[in-house]
Every structure is written in structure tokens, then in C-alpha cells.
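Asker: Each chain, written out:
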Amino acid sequence: MSRHRWLILGIWLATVLGAVGVISHTQFLATLSEFFPRSPSVQQTVLNEQLRKGPLSRNILAGIEGGTAAVRTKISEHMVQDLRGDDHFEIVSNGNSGTHEKVYHYLFTHRYLLSPTTRPELFTVTGLRDAIEKMLNVLATPGGEAVEALFPGDPTGTMVYIAKEMSGMPQPVPHHGVWTSPSGDTALLLLQTRFSGSDTEAQQHAINRVREAFARAKATTGRPGENAHLVLTGVGVISVAARNTIVHAAEFMSLISGTMIVVLLLLVYRSAVALLFGLIPVISGIAVGIAAVSLGFGRVYDITLGFGTALIGEAVDYSIYFLVQTGQTSAGAEQWASKYWPTVRLGVATSIIGFASLLFSNLPGLSQLGLYAIAGLLTASMVTRFVLPGLLPGNFRGPDLNRLGRFFLGAARGVASARWVVVFFVVLASGILIMHRHHIWNHELSALSPVPKTEQSLYARLRNDMGIPEAGYLLVVSGSTFDAALQAAEEAGPLLQRLQREGVIGGFQSPVNFLPSVATQLKRKSAIPPEDVLTARLTEAVHGLPVTAALFSPFVREMERERGLRPLTRADLPAGVRELVESMVVRQGNGWRVLLPVAAPPSGRIDRKTVQSALLRHSMDKAMFIDVSNATNTLYSGYMDNAIKWSLAGVVGIVLLLWVVFRSIFRVLRILLPLIASVLTVAAGFIALGVELNMMNLIGLMLIVAVGSNYALFFDRGVRADEESASRTLVSLVIANMATVMGFGPLAFSGVPVLQAIGATVAPGVVLALWFSASLTDREMLVGGKTRVIGDGSVP
Amino acid sequence: MPAGDMSCKEWVSCQFSIITHNRPFYLYMRFIVRAMFAALFLGLVMTLRAHAADWDITQLMHALAQEKSGQTTFVELKYISFLNQPIKSSGDMRFVSPDVLEMHTLQPDDQTIRVRGDLLIMDHHTVPLEDHPELLAFIDSIRGTLTGNRALLERFFTLSLKGDKNDWSLMLAPSKKDVAKLIQSITVSGSRERVRHITIVKTNHDRSVITLGDTSTP
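Chains as they are written, first to last, in my numbering: chain A, 334 to 1129; chain B, 3 to 220.
Any given hint might turn out to be false.
Straight line, CA to CA, 35 Å or less: simulated DSBU-like cross-link-like pairs of lysine-lysine [claimed, not checked]:
(1) K467/A x K183/B
(2) K497/A x K183/B
(3) K179/B x K435/A
Label pairs and their in silico Cβ distance ranges [unchecked claim]:
(4) P887/A x T114/B: 26 to 34 Å
(5) P88/B x T442/A: 27 to 35 Å
(6) K179/B x G418/A: 26 to 34 Å
(7) P827/A x H106/B: 28 to 36 Å
(8) T881/A x Q61/B: 42 to 50 Å
(9) A175/B x V564/A: 46 to 54 Å
(10) H772/A x L108/B: 53 to 61 Å
(11) N86/B x R831/A: 39 to 47 Å
(12) P887/A x H106/B: 30 to 38 Å
Quick caveat, the hints were computed from the structure, so don't treat them as lab data.
This one's a predicted model, so the numbers in the text were calculated from it and none came from an experiment.
Built from N, CA and C at the ideal position, the CB exists for glycine as well.
The shape of chain B in the complex, shown without the other chains (with noise of 0.2 Å):
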């Protein structure tokens, strides 16, 4: 069956193929990503970086410009309207300089997310974030921060500090349209070098507060 040598096996492919029509799970992926991304990332960053004396950004930006690598403990608090209560999760981050973000939820169940270059990698999934444009701008304005570049940064994001060295917020405001439709703010509070909390609060008016534990280099 010569004509068949290839096609034969093309029929299994074919069938393949047209599996690949139906990854609805995969369409919800893109919200998750945005919101978790946006706020884990630059909250890290900041818990790893902040150890500026002065409270100004533009100081705070050139001490995050110095590269580290680290981990902490998180606990997340989601406030969500149709529940009673928040609900919570809790697990450690992890970060390895220039570009590799790990998350680790041990409770209520153990789940890995995982950023490494250009690749998001969640319940074997992988997700390219070039296909997320919104998101790479997060990710990219991340890596803003993590080499200071405030100018990038600024791209996406309107900056204000707020409080003083003991306790301080920073405001990140999407200024692109692409986030701005599913995040309201993402707030980066703390005191003197120590991140304490991020929150984000979505357009719905739904928020997430993380609280960071102490950071350990390795």
C-alpha cells in the first residue's frame, strides 16, 4: 500500500488533530494568569528587592536593579462576592533570577505553577505568554523591575508610593486598556525593606490579599 505507508498513520493523526479543538479548560486559563502574575511576581520582586533607606521609586527601583534569587511562605486570602467567607490557601514562592517564578500551594491542595522565560507551565499545560499580549506585558514590566527599569515598568503601569519608610504602599494602576478590564489595582504595601502584603483588586470589586513570610536567600 504505498500511497497508504504515510497515510495510514495520518488517520490517527488526523483524529489528533482535531482533538486539539477542544481545550475549553484552556480558555480560562488566560484570566488566572493575568491576575495571579501581575501580582505575585511584582510582589516577590519586591519582598526580594526592597531594601532601599529612602522611600522614593526611584530609589526603590534602582535596589530592586540589584539581581537576587530567593523564597518565602505565602498565604492567600480570597474575597469573592458569592461567598460567605474568604477562602484561603497558603504555600511557598519561589524566584530564580533572571526569569524563573515558582509557585507552590501546599493547602487546601498541591498544585506547582511554574514561569520560565516565555512558558507557563500549570497541570501540564503550557501556556506561551506571546499569545497572551496582556500578559507579557505584566511579565515583561516585571522584568522592568527586576533590572530597574522603571521606564518599562511605567508602560503599563501609573506608579505611586505612598506612606513612609515604616510603612509604605506602592500603587500599581494599569494604564493599558488590556488590563485595566480585569484589574482595578494592585497594591505593594510594607515596612522599611520588608514586603508584607499585596492586593489585588479586580474591576468586579472581588480582591486576593497575599501576606508574604520572611524571605530566605538560598
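Only chain A is shown next, with the shape it has when bound in the complex (with noise of 0.2 Å):
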């Protein structure tokens, strides 16, 4: 032992500060994006792209509530006036904006080149002639001084089809003037931030500078405007905020259960060395977990920080169980590794198998954690096996818990001869999953969401009120360069609005209505005659029409002025239009994508199928149609069968395990026996209480399996020992039993859903866990008093 002692002290040293090198080079994440999938299918890395730095994730919805409609209006009109200087902002619009204009303009000014009218046809006498005479049309039906001032630049109603073309989307309805909710209650305002919603610095800068607009916004108003308050959201608002609980979660919650922790052993052990000895495993386990995840994955979630806090509640366990069972022989330690190491080890090795079937989970955050508890338990368990020994000094003893482990011996002693409880409570678990047994799953992948549920009603209600519909439909194309992508869509149309005319789809966006390719817009200047062709053709047209040639000169002259344009880029168009095409072509690795959004007819929905066979016929086989709603859904089930299936795995794992140590089907169903009451009582717990399942309790019941096997194997392994060390053995689970709740238990606090689920399931889990095995336990063991014990993990 000694001859190793400072070789192994060495190791140690060099991996932990190892670890703490790697630390401080580590870059640490507080986003949302650790819950995206890791390996989508074409389809949900469009989405997911987008979610990331897409357009939308730059939106924020705010909406005004409280005070008169009027204050409303004036706050939204005083807040859209200020924060349009704001170079946060590319967009602020509350529906009563100059961006109106400013597109208007645009069109206008190039209408020609942006209308699919610009044909050939169009500037010959016949072509002009028909199109006069249907502007005269328009102009003499009630409605039509619409288009009076337009006529005389453009005769031929290119604008109108333009205008046309862009109708069928849903809008939300400007009343008083301002986007206002359909109640009425809520003055509305669209924002786009210029940087992306994962930037969650900079989107709290911006939903800064909103808050102070609105409070500068609000002071203008005077006492009618004191009830008035702001909401806000949006991806942006919703990762900052779920940043901001999720690095609440990890700070304080770490804090919560570490000083709950250090409180109880100080209170077992009444010794600050004993303390500091016991601490040494779990801040090893920790490091090397952290340097562990860095390493592997080349970042590190806050999320992943904050589960270190039930880690440090398992983690503690081993040094608990060493320090404690040690007793207060100075030949403890040598006594320990032979006796009790073995079970431990298996423990370690079980827990180990339940936390690496998190390692599996197509969810990059769970992996985290699973590589997280893997090193940091592997850590702790060797470094209290072949470290501590080597640190203690010479003289250090062990707390003396006999009065404590009598207390608690009589107490198993009267669980175990009470075991219909755990008949009882079996019987129950089992009659109530049984007749919940079609709503024991919770199917909606938001139940996971680290998004507060209040964040995410506010958001749905936001967007209703904004008339955004809830489900959408996206036609994606691409092409190897952005041009290419917009001659990809410009295909694309002709289809879509076959579709459009047979009802299967409602409208369709595309930027092609504001940026053509190059190509096409080069056909539409050939397409435009020169002026003195165009002046005699027109001459000729308007013969026997109430009109005179010399009247559409403003049309001659544009024309000429648009034939002499060189081709728009996307460096010609003007803010507002620019986001508005930037928003439907994106880069996409090598090449661009355009993503085109389309509408559901008035039935609500869009048969996925007649797209699809569309699409083909058209030989447009690259297109992608998305019911974005529905890939959602089979991403959720997605996630689901992951996690059952290596939740089973682990369990299945825990069990070969087991049987291949004991080749015993009788001593693997004596161990598992109380682990399986514990999940089925926690289970139905849950139902009991009106809480559905979801993927991350499934995990957490997998954990109990895990982790409260521990216990389960020092029950099993009753063998010949005197009391003194049975109560010492009872009193390091009990110990270390009531430092995993702590660890885990503050989770179902921390805000974060996700911890929440697995928090609230293990916690409540190991106890029944620890009880139950106590219960199910070989009655002599603890009753036959002297000669037989538990604890003694000798080899079987």
C-alpha cells in the first residue's frame, strides 16, 4: 500500500488538476440549443437551422395591456417613434409603420421588373390595348378611384397584379390605427432584432431598450397610462429568460444542495476533517466530469452544471459509505476495501449502466449529463477507494454511530417485519396504472421544454393576437448559389399557384416577388420595347379608347427607366424588403435554401399528399414540402421511443449485470424486487396526482433503478458479521440515501423542466428504494440479532 501511496496520490493530482486545465479553458453555453436533436432528418435541420439564427428567432412580439385603449395606441405609436432610431432594431412595426410605405416604394418603382406580366405580349397593340381597356374597367366600377392615380404610369394594372399576388396570406388586423389584439385589450408591436435569438447578450440589450422605451413611452401618458404594462416575448425573450432560469437553476440549486449536504455530514461526522475527507471524491468527481464533457463534447451546457447537483448528492455516497463503515479501527480502511469495496464497486457499476443510457439520447443535453455522472461517479468511486485510504492521517477515526445505527437497525428490523406495506403499496401502484393506463404518457413535447409554461402561453397568446396562425406549411428549395435558389422558387411558383387556384393551398410567399433571378429579370428588360416603339404602339392602341396617347408619358418614361436598370441584387433592396427576402433565403452549408411559407386553404389544413404528388409530376422531386406541425409531433415520437428503448437497455443492462456477479435468477429477483415496487409506486404517484408521464420521468424512474440498487445489493448481501458493523452499514444508506434526495430533490425546484422530472422522480424514488430493500430484506439478517447482518460484501 505504501509503496503505491504516492504513485496513486500523483495520478490523482495530475488528473485533477488535468481537469481543472481543461476547465478553465472551456467554453460554457446557457442556450436553448442543447435540446434539439442531434441527428434530424433533412427536414428538421431546415427547422432547426432556423430556430438557431433564422429570422424568427430574432422576432419579438411585444404587447401592451392595462390603461384605455387610446394610452394603448400612444404608447405603441411613441415606442415604434423611438426605437426606430435604434440600431438594435432592422424592423419595429406596430402595424401603422413608414416599412409600409417604404415596400410600396420599392415595388413601385420597379414594377416592371417584378412582375411576371412583363412579357413580350404585353407591349405589342393588342397586348396594350386589351390591357388599357381593362384598367378603364377597373377605373369606371365603383371602387375603382383606387387605381386613378396609378393609370397614367401604369396602364397596364402591373401593380395591382403585383398587390394581387401578394394577397392570401393571413394578416393580423390593424384596429384604432395600431395592430391591436382581437379583445382589444393589447396593443401590438413586431420587432426584429439584428442579432439572432441565440445571441441571448445582445437580445437582452434589445429587450432592454424595449422595457425603457415603453417606461419613457409610458411616462408621456401621465395618469391614464399608469396601469399600462409591457409583455414580451419571442424566441429571443424566451431564451434569455430560460438562460436566466436554467443558470439560476445551476447556481442556486448547486448552493441549495451543497450546503444541505455539508450540513448533514458535519452533523454525522462532527468533524471538519472527516468533512474535508468526505468532500474530496465529490469535488474530484465533479472536475473530472466537467473536463470529461468539455473533452468530449467541446462545450459545456449550464444545464449540465446544474444536474451536477444531484451528482454530488450520489457522488457523496461513496466517501459516506467508506468513512462511515470504516468505523474507528485504524485497520478500517485495509477492512473496508475487502469487505465492503466489492459492493460498492457493483453499486458504482450499476449506476453507471443506468446513467449511460442517457449517453445515448439523441438530445445533446442529456448526453452531457449522462458522460457527466459517468466520469464524475467513476471519479469518486476510485478516488474513495484507492486515494482516501492513502490521505487519511494516521490517527483519523471514524464517527462513532453506534447509538444512531441501533436506532436504526431496530428500525429496519420493523420495516422488514412490516412488509404487506410494501404489498400494499405495490397493489395500489399497480390498481391505479392499471385503470390510468391510457394517460399515464404525457404526449406534448413541451412538457420538456425548458421554456417556463408561462413564457410559452404568453407566446401563443401573442401570436394569436397577432392573427399568426399555429400550424404552418413550408415548400423548401435550393440551389448551389443564392441566384440559383431564387430560380429554384421562381419554378416553384407556377406550381404553387396551381394549387393555390385548385384550393389545396391557401397562398404562398416567395421572394421572387421582390427579388427575381438575374435571368428573369434580364428577360423582362428584353421583354420592354424602346421608347419611340413603345410611344407608336401605344398611339396605335388607344385608338376609339377615351383616352390620348400623350397621357401615359409617366408610363413611357418608366419603362425606359427600368429597361436601362441593371439587374437587382440583394444589395439594392431597401430595409424591410431586404429582411423580408433574407427571412426565405438562407445559406445552407454550400449552397442557399428558399423557404417558401405557405398558407392552409380556409379547411385549415393541406392535403401533405397532393403536394407531394404535385411536386413529382412536376419533377420538382428536390422540393420539400413540411408540414411543419406535423414534423414536430414525429420528432416528439421520436424522442419518446429513444428514450424507452434505452431506459430498457439500461435496465437490461442493471440486470445481465447482475446475473452474470450472482448467476442467481432467485438473488437478481431479490434485488430487483424492491427497486420495481419503488418505480411502480412513484409512478403511480404521479398519476395519483394528475401528473402525466413524460420522457424525462421515464428516465428518472430508470435512475432509480440505478442508483437505489445500491442499497438493494447491500441488503442482499447478508452474511456473518457482528452488529456493530450491520448498524454502521444501516447507518451509511440512510446517510447516503438522504444525500442523493438532497441532491436530487432541490431539481424538482429549479424552474427547468427537464431537471424538474428527474428530480421530482428520483428523489421520492431512492427512499421507497432504500425502505422497500430494508422491507424485502432476509428477515434473519437483521432479527436474528448477533449472528446474522447485513452489509458484509464479501465475494458471493
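Build the complex from these two chains, which are given one at a time in their own frames, with help from the hints.
Answerer: In C-alpha cells, the structure reads:
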């Protein structure tokens, strides 16, 4: 031992220092992206890319509530004026904005390049005559005054055509001059930041600006505006909120758990030295765990650190076993290694198998937790076994826990003589589960969202108020260059128009309405005749019509001007239009994708198959039609299947390990029985409380088996020993159990649903596991007094 | 993808909301609505209501206070300065008490415009009248007429009645700035209980003359 002592200490020190070195270079992230899938389909990639960096992630929806309608309108207008000049935002709109006029101006001054009606046929004598006659009819019809001002500059009705092309998509309705919720209680603003929603720092700044602008606007309204308040939502806002929640959870839960565990250990050990030794394995484990995640994933999510609290509770168990079970003899350490270590080792192995199932989750956040736990537990147990004995001073004595031990022994005997309680629980739990067998699993993915429920519902409400439909569809086409992508979108146009006429879709939006491909623009330019030709044809065309050709000189001038323009590029787009186009044409790897939003017809649903077969018929097999809500559902069932698969694999792995070690079905069953009973009871408890189980609860149930198996193993290995070591073992189990509860328990209050579900499942589960294990243990071990006791860990 | 559950959908929704910036056509709607309804609603109301024997405004209003529904044909001639000749449209008009007015144009194009309550619907566009205070003023003043509320009518127009029972004309001169910016005057003329013409003269001197056919009461 002493020969290796320095070597072991050296390895340990080097490992810990190395880990600290890695951590100091680690990038810590607090974003939502840890819950985006890692190996999604192409369609999901498109969506996720948009979620993280797309224009949606840059949107902030603001609602002004309280006060009178006049006050809200005033605040809304004031805020828009205020924020327009702010360089945090690309778009600031309340429905009454100058953006409309800017967009209109751009469309109007490029109308012949932008309109698909610009074809050579239109500018023949007959074409011109037909078009002018049509416009005269529009003029004559009631309401025709709308086009009166346009007529001399646009006798062919190009602008009317462009405007009509753009209808058919859902729109919010302005009231009192600004966007207002249908209930009339909320004035609405739409802001788009310059930064992506995942840039939480920048989003935080933008949010602050909006709040400040609101405060200033509110101040101008005086008394009537006193009750007005601002609500903000959007991906960026939610990211910021979620980050704050996660960081809060990570910091405060660690603090709470850590403090509780330290107090517990101080109470038990009554020695600062013992406490210090007790924490060495945990701290080593945490350091190595974080370093392992950093090395394995390249970065560490804050949520992983949050989960560290649970790890503290689990890893501290090993040193508790060691320090409590070693007893007060100096030879204790050697004895512990031979007597108890094999049981602890097996417990470590079962826990690791359990956590390993997280490692294979397709949520990167969860895999990190898995790796963190495995590396941490391995390190903590190794340090306990090999480093701690070498570190202990020769005169170190474990705490005197005889009285506590006798008490627990008595309690254990009591519990063991009341097995009917376990049976009762199992029967009751099974009954509840069978009764509610159709309502056990929660199929809403949002149940797992790190976004608080209130934020989710606010987002849904404001979106609804804006008249933005809940479900959506996308047609995605791609090209190797920006322009090639636009061409692909142009090809999709006629097909979508036909589907719109057939009523399959309600409408669609395309970037080529604002920026056609270069080839198309050149084609349209070449369709425009030179000035003299056009004038001559016009003169001929208006014969017999109540107009003279001279009226149309603005038209002739505009045609000549647009004929001379060089093709429009992205750089020519004015603010407002540029964002619109860039929101639909996005870079993807080496190429570009165009995402055309497609609206549902009045029936509310688009038949996916009809669209897909139409795409195939037009040999547009590379285009993807994405039903967004459906894609999300598919995604969820993928997660659920994955979670069930790996959780079962974890349990099967534990059973196999136990069978390999014991070679006895009976013993494996006896170890698993209390664990199964706990799992059933916890699951039934959730159902009885009206909480449906989600994927994280499922993982929590598996962790009950992984963690609880430690206790079951100690109770299983009953061999002859004295009452003192029996009571010590019991004390160590109870303290370890309490520490685990203190580790997992606070997660239940973390405000992060993923952690909450795990915490709320594991904490009660391990308590039950200990109780049921004690209850179902071989009664002679406890009742037989001096002859048979629990917890001697000799190899079977 | 927990956060994504909502966000996926939102991404698309966001596109929709941006699209709402593009409503150039809508910008023109204000004008139509103002010009048209000032004339037509009043004219129709007059047509349907003009039964009084003695032509002073009070009596006219009194006659109008009786609620009725009805329909008639119309022909509209527009005199636009840049056109050599007037251009013509024709169709049916219908009024359903208390607040529905429908105008169904048959020539030269088929088109229906409908006002119901505070909403105007045209070509699937819905225009809430409350967004157009000047228009709302019109409509409300017409509702004032419907209920024989002369005071309400005079909040927006200065009324003057000319001629005799067999050849009368009621002139409405806008008294509010919003309206006066666009409309110079509206003249409703007729003989006895029949309204024959509604003439709207705009501030740019373009004018529109609507001739109404016989009224039938369904």
C-alpha cells in the first residue's frame, strides 16, 4: 500500500489538475439548443437551423396591456418612433408604420422587373389595348378610384397585379390605427433584432431597450397610463428567460444541495477533517466530470452544471460508505477495502449502466449529463477506494455512530416485519396504473421545454393576437448559389399558383416577388420595347378608347428607366424588403435554401400527399414540403421511442450485470423486487397527483433502479457479521440516501422542466428503494441479532 | 426538441407576420371608401325614404326615420379629367335595415361591395371602419339619417335644400376637414318622393353622377 501510495496520490493530483486545466479553457453555454436533436432528418435540420439563427429567432413580440385603448395606442406609437432609430432593431412595426410605404415605393419603382406580366406580348398593340381597356373597366367600377392615380403611370395594371399576388396570406388586423388583439385589450408591436435569438447577450440588450422605450412612452401618458404594462415574448426573449432560469438553477440548486449535504455530513461526522475527506472524492468527480464533457463535446451547457447538484448527492455516497463503514479502528481502511468495496463497486457499475443510457440520448443536453455522471461517479468511487485511504492521517477515526446505528437497526427490523406495507403499495400502485393505463404518458413535447409554462402561453397568446396561425407549412427548394435558389423558387411559383387555384393551399409567399433571379430580370428587361417603339404602339393601341397616348408619358418614361436598370441584387433591396427576402432565402452549408411559407386553405389543413404528388409530377422531387406541426409530432415520438429504448436497455444492462455477478435468478429478483416496487409506486404517485409522465420521468424511473440498486445490494449481501458493522452499514445507507435525496430533491424546484422531472422522480424513488429494500431483506439478517447481519460485502 | 415544439411553428408564422407589411393595395382603399359611401349610402337612403309631401329638411328627416329595406338599379357615370369621355358602370344596390348596404356591379366587371356594421368587405379585403375616422363619420352620419337624427348628420355636413316638391335637391357640404379634403359636395336630387341622381364632386373637380332606377321593397 505505502509503496503505491505516492504513485496513486500523484496520479490523482495530476488528473484533478489536468481536469481543472481543461475546465479553465472550456466554453460554457446557456442556450436552448441543447434540446435540439442531434441527428435529425434534413427537414428537421432546416427547421432547427431557422430556429437558432433564422429571422424568427430575431423576432420580439410586444404587447401593451392595461390602461385605455387611447393610452395603449399612444404608447405603441411613441415606442415605434423611439425604437426606429435604435440600431438594435431591423424592423419596428405596429401596423401603422412607414415600412409599408417603403416596401410600396420599392415595388412601384421596379414594377416591370418584378411583375411576371412583363412579357413581350403585353407590349404589342393588341396587348397594350387589352390591358388599357381592362384598367378602364376597373376605373369605371365603383371603388375604381383606387387606381385612378396609378393609371397614367401604370395603364397595364402591373401594380394591381403585384398587390393581388401578395394577398392570400394571413394578416393581423389593425384597430385604432395600430395592431391590436382581437379582444382589443392589447396593442401589439413586432420588432426584429439585428442579432440571432441564440445570441442571448445581445437579445438581453434589445429587450432592455424595448423596456426602456416603454417606460419613456408610458411617462408621456401621465395618469391615464398608470396601469399600462408591457409583455414581451419571442424566441430571443424566451431564450433569455430560459438562460436566466437555467443559470439560476445551476447556481442556486448547487448551492442549496451543497449546503444541505455539508450540514448533513457535519452533523453526522462532527468533524471538519472528516467532512473535508468526505468531499474530496465528490470535488474530484465534479472536476473530472466537467472536463470529460468539455473534451467529449467541445463545450459545456450550463444545464449540465445544474445537474451536477444531483451528482454531488450521488457521489458523496461513496465517501459516506467509506468513512462510516470504516469504523473507529486504524485497520478500518484495509478492512473496508476487502469487506465493503466489492458491494460498492457493483453499485457503481449499476449506476454507470443507468447513466450510460442517457449518453445515447439524441438530445445533446442529456448525453452531456450522462457523460458527466459516468465520469464523475467513476472518479468519485476510485478516489474513495484508492486515494482516500492514503490521505487519511494515521490517527483518523471514523465517527461514533453506535447509538444512531442501533436506532436504525431497530427501525429496519420494524420495517422488515411489515412487508405487507410494500405489498399494499405495489397492489395500490398497480391498480392506479391499470386504471389510468391510457393516460400515463404525456405526449406533448412542450412538457419538456426548458421554457417556463407561463412564457409558452404568453407566446402562444400574442402570436394568436397577431392573427398568426398556429400550424404552418413550408415548401423548401434549394440551389447552389443565391441566384440559383431564386430560380428554383421561380420554378415552384406556377405550381403553387395552380394549387392555390385548386384550393389545395390558401396562398404562399415567395422571395421572387421582391427579388427575381437575374435571368428572369434580364428576360423581363428585354421584353420592354425602346421608347419610340412603345410610343408608336401606344398611339395605335388607344384608337377608339377615351384616352390619348400623351396621357401615358409617365408610363413610357418609367419603362425606359427600368429598361436601363442593371439587374437588382440583394444590395439594392431597401430595409424592410431585404429582411423579408433574407428571411426566406437562407444559407445552408455550401448552398442556399428558399423557404416559401405556404398558408392553409379555409379548411385549415393542407393535404400533404396532394402537394407531394404534384411536386413529383412537375419533377420537383428535390423540393421538400414540410408540415411543421406534423414534423414536430414525428420528432416527439422519435424522442419517446429513443428514451424508452435506452431506459429499457439500461435496466436490462443492470439485470445482466447482476446475473453475471451472482449467477442466480433468485438473487437478482430479490435485488430488483424492491426497486420495481419503488418504480411502480412513484409512477402511480405521479398519476394519482394528475401528472402525466414524460420522457424525463421515464429516465428518472430508470435512475431509481440504477441508484437504488446500491441499497438493494447491501441488503442482499447478508453474511455473518457483528451487530456493530450491521448498524454502521445501515447508518451509511441512510445517510447516503439522504444525501442523494438532497442532491436530486432541489432539482424538483429548479424551474427547468427537464431537471424538475428527474428530481421529482428520483428523490422519492430512492427513499422508497431504501425502505423497500430494508423491508424485503432476508428477515433473519436483521432479526437474528448477533448471528446474521447485513452489509458484509465479501465476494459471493 | 422541447423548445422547438412551439418555435418550429413560429418560424413559419413569423414569415406570415412579415408579409403583412405588404399591403400597398390596401393603401388605396381609404379613398374609395370615402368617396363612394358618402354618396351611395346617402343616395340610397334618400331613395328609400323620400316620401314626404313637403320638402323641408325636417320633414325629410322625419320621413327617413321610418325603417325600411329595399333595392334598386344604378348607373354611374364617372367624369375623370384625364379621360375624353365619361366611363360607365351599372348594377344593383340593396339596403337591409338597419346597417347592411350592398352594391353589386354587373357592368363592366362583376364586383360586390358590402358594408355590414363597422366592416367594409371588398374583394375579400375587410376594412374596419374604425380605422378610418373620416369614413366612420360618414357612415355614422348616415346612420343618423336612417334614424332621422338630423343633429348627427349636421355634425359632418352643412345641409341645404333647394327647389320645389317636383324638382328638389339636397346639398351636403362637408364641414369637417378630413372629408372636405376629398369631397367638395354631394348633391342628392329628385322629384317628389323619388331620388333620381346623386352627384359627387371631388376637390380635384372629377365628378361622379349616379342615376337610380325605381325602388322596389322586398
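Asker: Does the beta carbon distance between H772/A and L108/B stay inside 53 to 61 Å, or does it fall outside?
Answerer: holds, 60 Å
Asker: Hint check: K497/A vs K183/B, CA-CA at most 35 Å. Holds or violated?
Answerer: holds, 28 Å
Asker: Is it true that the C-beta distance of K179/B to G418/A lies inside 26 to 34 Å, as the hint says?
Answerer: Between K179/B and G418/A, where Cβ atoms are some 31 Å apart, the hint holds.
Asker: Mind checking the alpha carbons of K467/A and K183/B for me, to see if they're no more than 35 Å apart?
Answerer: holds, 29 Å
Asker: Per the hint of 27 to 35 Å, is the separation of the Cβ atoms of P88/B and T442/A within bounds?
Answerer: holds, 32 Å
Asker: So does P887/A sit 30 to 38 Å from H106/B, Cβ to Cβ?
Answerer: For P887/A and H106/B the Cβ distance comes to about 34 Å; the hint holds.
Asker: A range of 46 to 54 Å was offered for this pair. Does it hold for the Cβ distance of A175/B and V564/A?
Answerer: Holds: the Cβ-Cβ distance is about 47 Å, inside 46 to 54 Å.
Asker: Do N86/B and R831/A keep their Cβ atoms within the hinted range of 39 to 47 Å?
Answerer: holds, 41 Å
Asker: Taking the Cβ atom of P827/A and the Cβ atom of H106/B, is their distance within the range 28 to 36 Å?
Answerer: The hint (28 to 36 Å, Cβ to Cβ) holds, given that P827/A and H106/B are roughly 33 Å apart.
Asker: Next pair to validate is K179/B with K435/A; report whether the Cα-Cα distance is within 35 Å.
Answerer: holds, 27 Å
Asker: Could you say whether the range 26 to 34 Å given as a hint is met by the Cβ separation of P887/A and T114/B?
Answerer: Taking Cβ atoms as reference, P887/A and T114/B lie about 32 Å apart, which means the hint holds.
Asker: Quick check on a hinted range of 42 to 50 Å for T881/A and Q61/B, using CB atoms only.
Answerer: holds, 49 Å
Figure legend: structure checked against the earlier numbered hints; every hint is met.
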